[in-house]
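When you get a sec, could you build the whole thing from the sequences and use the hints?
Chains L and F supply the protein sequences, listed in that same order. 4 is the number of the first residue of the first sequence in our numbering; add one for each residue after it. 158 is the number of the first residue of the second sequence in our numbering; add one for each residue after it.
Fair warning: there could be bad hints in the mix.
PhoX-like cross-link-like pairs, simulated, lysine-lysine; straight-line CA separation at most 20 angstroms [what the hints assert, rightly or not]:
id: 1; chain 1: F; residue 1: K283; chain 2: L; residue 2: K141
id: 2; chain 1: L; residue 1: K83; chain 2: F; residue 2: K303
id: 3; chain 1: L; residue 1: K57; chain 2: F; residue 2: K201
id: 4; chain 1: L; residue 1: K125; chain 2: F; residue 2: K163
id: 5; chain 1: L; residue 1: K143; chain 2: F; residue 2: K283
id: 6; chain 1: F; residue 1: K202; chain 2: L; residue 2: K57
id: 7; chain 1: F; residue 1: K259; chain 2: F; residue 2: K283
id: 8; chain 1: L; residue 1: K83; chain 2: F; residue 2: K180
id: 9; chain 1: F; residue 1: K303; chain 2: F; residue 2: K163
id: 10; chain 1: F; residue 1: K271; chain 2: F; residue 2: K163
id: 11; chain 1: L; residue 1: K213; chain 2: L; residue 2: K493
id: 12; chain 1: F; residue 1: K290; chain 2: L; residue 2: K139
id: 13; chain 1: L; residue 1: K83; chain 2: F; residue 2: K201
id: 14; chain 1: F; residue 1: K192; chain 2: L; residue 2: K114
id: 15; chain 1: L; residue 1: K139; chain 2: F; residue 2: K201
id: 16; chain 1: L; residue 1: K182; chain 2: L; residue 2: K272
id: 17; chain 1: L; residue 1: K141; chain 2: F; residue 2: K290
id: 18; chain 1: F; residue 1: K163; chain 2: L; residue 2: K57
id: 19; chain 1: F; residue 1: K202; chain 2: L; residue 2: K125
If you only want the chain F side, here are some residues facing chain L, beta carbon under 10 angstroms, derived [claimed, not checked]:
id: 20; residue: G172
id: 21; residue: T194
id: 22; residue: N284
None of these hints come from the bench; they were simulated from the model. By construction, the Cβ of each residue, glycine as well, lies at the ideal position given by its N, Cα and C atoms.
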Amino acid sequence: MNDNMANQKRFLNKIQLITVDSLGEIKTSDANLFPNWKEGANIFNAHPFFEILKSLEEVVTPLEKEFSFSCVHLSEERNKEFICDVNITFELSETHIIIFDYSRAYLELNKISQERNDSIIKSQELEFSNRLLVEKEKFKNNFIANINHELSAPLTSIKGFVDLLEKTDLDYEQQELAKIIKSEASHLQIIFSDMLDISRIESGEFKLNKEIFNLFDLIQSIEESYKIILKEDIVDFKVTIDKKINPIVFADKTRVYQIITNLLNNAIKYTDEGIIELSIFKVLGKNRKQEFEIIIKDTGIGIPKEDQEKIFNPFIQLDDIKSGTGLGLYVARNLVHLMGGTINVNSEEGQGALFNIHIALQNAPKGNEGAAEKEYVLPNDKKYRILIVENRQNTQYLIMKQLLRHKCFFVDVVSNAEDAIRNIENRNYNLAIIDIKLDDISGLSLTKKIRNDYGDAAIKDMPIVGISGISQSNILNVALSAGMDSFIAKPFTEEILLNKITRLLSLRKK
Amino acid sequence: MTNQSKKITLIGPFGVGKTSLFKRFVDNTFSEDYKSTLGVQIQKKVITMNDGSQLSLILWDTEGTIKVSEGRSSYLLGTHCFVYVFDLSRIETYENINTQIKYLKEKFPNTPVKILGNKLDAVNIKNVEVTLKDLQVEYDFLASAKTGDKVDELFLEIAVDLVN
Ligand SMILES: Nc1nc2c(ncn2[C@@H]2O[C@H](COP(=O)(O)OP(=O)(O)OP(=O)(O)O)[C@@H](O)[C@H]2O)c(=O)[nH]1
Ligand SMILES: [Mg+2]
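Laid out in structure tokens, this is it:
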């Protein structure tokens, strides 16, 4: 009876009082609401709600003999329905029933709950179907990843065996056949890896792997390999590079390569004669980035205006005669987008096509410039013991992996300066790599301590390479003046790391 | 009045199809429209058992609440069997179902509870079974008020259980 009392009073219409005996026969009733529920009638025939009297008889006690039910729908046979509160009180030989008609109040309330329920249900159903979609996608992507894995092993061996086969004594026709098998296998491999890339991109699992590399070297290697590919073709291949470009960039080298070669492969597929041109220009140079325009132009069959958007969709092929799937362009566009760039096509039917990519690549972080070009020579005289002082596990693991791959290093790893000092005092290290930001004292203070507190030359003169993710312009100077011998900005490549380390180790030897 | 009557109470979150199951069983009708139930509506259906005896099922179709404890407790009084309904197409209606069932069993230790997943027609059973398993939902029936699938089975099984 406590559903919003104020409202109830306002909306209360009528009350009906009924008294029944233990068999359910109505003894008295004012018949205010339900005229047929009157003296002599049986309450159990009035409405199935009243069957509750039977079950309540089982639970009634002298202490608990009054029960109230709110918001019960009651009606006489086929007549208007009332929404009522019902009070039931059990006395010794009779039972009193009071019915309050609160229909108006309850109907008012119902509007509100109906609206609330409707909107909640809508959103929950939507969430459910989204969830199913996500699960389906996940399943699909896992499936693709697994199937790729399963397929790549036999494919690799097919290629390997064809290689062996080619080295045997084959006549001309057999050689040609072997060549076809090989090229088809390579083609298949490309499709598989494109598929894998697409599934990763679509599932959001795709990550760019940045490294420092020389853009000129990359373009040059593309030029060389495509000259070979196109050697027997009557199609020319021309490469133009803008000399204003600062070629040392920090980007995902494999993916930049993939974007360019996917577009070149596409150009080759549709160009039977004429020329394919690859050009790269610097459009804008900022402090930390350069914006490039990469153009791939062909003299092939061209793309009609209405198909130009479609060509970036997977599995769309303009010319059915050409073999292969259209995955390459789709992958290229996704990669360009992932790198924050744009890709467009300009073409007319029969007039060749011009793809143009705008993309900004980061310059190599300060302190590493030029490093990408230098070669390093791994020591082969003995094994060197190196201490890594780094509090971040990822970096610890990365450096360890990069060093342990080469058999010439022993590596110890500690996470703080205190452990570093204990290790240094107990063991001779040929070199230490120290993160500038540690949890206890800074890598700079640790370096000063090593340089100043020890008489033992093996300790105080130990080569130290500082590493840090801090992008502060004078960090290199700070590191060097603290007594570090060299400094590497994070993130760095294995090349840079080994370059610095091997240089310091060889200096030390002399 | 020689025949027995048994009270069956339908409970569960709103919109899961309690009213639809009730209507499917009582009148063999179904409506796509959703009209949320206010309070409780009660109907009787007399069924004839195998031995010829009759049993009146008094069905209490209650207003949906997310938690059992949020509902009007008087509706639960004197129940002979609960049917806890959830909606297979809305995870929110069954991700915490075990807590709800536990609550019910503590309050009414002697009253059986049937757990039913409704709207089977609207979902892909393979996917849903995985989710149900993940969430450790134990159910007695997966049904559809829309197609009528397993609706009679539910109430007949309850009837048989209650008579024995
Ligand atoms: N597809 C499908 N829809 C159903 C089924 N059962 C119910 N519905 C729909 O689900 C909505 C809610 O059904 P109701 O029976 O009113 O749900 P309820 O549990 O009584 O809801 P409340 O009274 O608010 O607690 C309605 O639009 C029904 O048409 C079913 O088996 N399949
Ligand atoms: Mg309902």
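Hint check:
1. K283(F) <-> K141(L): Holds, at roughly 15 angstroms.
2. K83(L) <-> K303(F): violated, 27 angstroms
3. K57(L) <-> K201(F): With Cα atoms ~15 angstroms apart, K57(L) and K201(F) stay inside 20 angstroms; holds.
4. K125(L) <-> K163(F): Violated, at roughly 35 angstroms.
5. K143(L) <-> K283(F): Holds, because 15 angstroms separates the two Cα atoms, which is no more than 20 angstroms.
6. K202(F) <-> K57(L): The given pair, whose Cα atoms are some 17 angstroms apart, holds under the 20 angstroms limit.
7. K259(F) <-> K283(F): violated, 27 angstroms
8. K83(L) <-> K180(F): Holds. K83(L) to K180(F) sits at ~19 angstroms (cutoff 20 angstroms).
9. K303(F) <-> K163(F): violated, 25 angstroms
10. K271(F) <-> K163(F): OK: K271(F) and K163(F) at ~15 angstroms, within 20 angstroms.
11. K213(L) <-> K493(L): holds, 11 angstroms
12. K290(F) <-> K139(L): With a Cα-Cα distance of about 17 angstroms, the restraint between K290(F) and K139(L) holds, given a limit of 20 angstroms.
13. K83(L) <-> K201(F): Within the cut-off at roughly 18 angstroms; holds.
14. K192(F) <-> K114(L): Measuring from Cα to Cα gives roughly 10 angstroms; hence the hint holds.
15. K139(L) <-> K201(F): violated, 44 angstroms
16. K182(L) <-> K272(L): The given pair, whose Cα atoms are some 18 angstroms apart, holds under the 20 angstroms limit.
17. K141(L) <-> K290(F): Holds - the C-alpha atoms of K290(F) and K141(L) are around 19 angstroms apart, at most 20 angstroms.
18. K163(F) <-> K57(L): Within the cut-off at roughly 10 angstroms; holds.
19. K202(F) <-> K125(L): violated, 33 angstroms
20. G172: holds, 4 angstroms
21. T194: For T194(F), the interface hint holds, since the closest Cβ of chain L sits about 9 angstroms away, which is under 10 angstroms.
22. N284: Given a least distance of 6 angstroms, the restraint on N284(F) holds.
Consistency with the previously given hints fails for numbers 2, 4, 7, 9, 15, 19, ordered from lowest to highest.
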